[in-house]
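**Student:** Just so we're aligned, residue 1 is where the sequence shown starts under the working numbering, counting upward by one.
Think of the hints as simulated: they come from the structure by calculation, not from any bench. There may be inaccurate statements among the hints.
Distance ranges between label pairs, derived from CB positions [what the hints assert, rightly or not]:
| no. | residue 1 | residue 2 | range |
| --- | --- | --- | --- |
| 1 | P45 | S82 | 17 to 25 angstroms |
| 2 | L74 | E40 | 22 to 30 angstroms |
| 3 | S82 | D18 | 38 to 46 angstroms |
| 4 | K6 | E40 | 43 to 51 angstroms |
| 5 | E40 | A94 | 16 to 24 angstroms |
| 6 | T71 | E15 | 33 to 41 angstroms |
| 7 | P45 | S93 | 40 to 48 angstroms |
| 8 | F89 | E29 | 13 to 21 angstroms |
All values reported here derive from a predicted model rather than from experimental measurement. Using N, Cα and C, we set each Cβ at its ideal position, and we do this for glycine too.
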Amino acid sequence: MNTNKKRLTILTLPEIQDYFGLPRFTLEEREYYFTLSDTEHQIIPQGWSVNSRVNFILMLGYFKSRQMFFTYTLEDVITDISYILACHFPDHSAANIKVPGQDDPDTTAKTYLPASELPTL
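Hey, can you work out the whole structure from these sequences and the hints?
**Tutor:** This is how it looks when you write it as structure tokens:
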């Protein structure tokens, strides 16, 4: 007996993507979510590489939007990375940006703050 036919379907696949998938921002949403407040500017350590700063701003913007963290590939987020670079680091190219998990321990290690270094907002 196939019990899969009796499963309740609450959300369709597109609805699941809308609620839980990687955000797909319009230009106005990019301006809103990737603009940093003074406090957010201050919490990014100056010793971080541009790569780490870009990834931090990207993850922060996605978290502000959905209150979730995401795993993604460079291809998934290249438009957002290009926007962040244009706004915050205009002298740098997306060609040099790597995302966490792409076999670059330096990126992952420098993108996440240890709990002891988290700021009090």
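**Student:** If a hint holds in the structure, say so; if it does not, say that too.
**Tutor:** Verification of the supplied hints:
1. P45 <-> S82: 17 to 25 angstroms: Since the Cβ atoms of P45 and S82 sit about 23 angstroms apart, the hinted range of 17 to 25 angstroms holds.
2. L74 <-> E40: 22 to 30 angstroms: Since the Cβ atoms of L74 and E40 sit about 23 angstroms apart, the hinted range of 22 to 30 angstroms holds.
3. S82 <-> D18: 38 to 46 angstroms: Hint violated: Cβ distance 23 angstroms, outside 38 to 46 angstroms.
4. K6 <-> E40: 43 to 51 angstroms: 48 angstroms, holds
5. E40 <-> A94: 16 to 24 angstroms: 22 angstroms, holds
6. T71 <-> E15: 33 to 41 angstroms: With a Cβ separation near 20 angstroms, T71 and E15 fall outside 33 to 41 angstroms, so the hint is violated.
7. P45 <-> S93: 40 to 48 angstroms: Once the Cβ atoms are compared, 22 angstroms apart, the range 40 to 48 angstroms for S93 and P45 is violated.
8. F89 <-> E29: 13 to 21 angstroms: Between F89 and E29, where Cβ atoms are some 20 angstroms apart, the hint holds.
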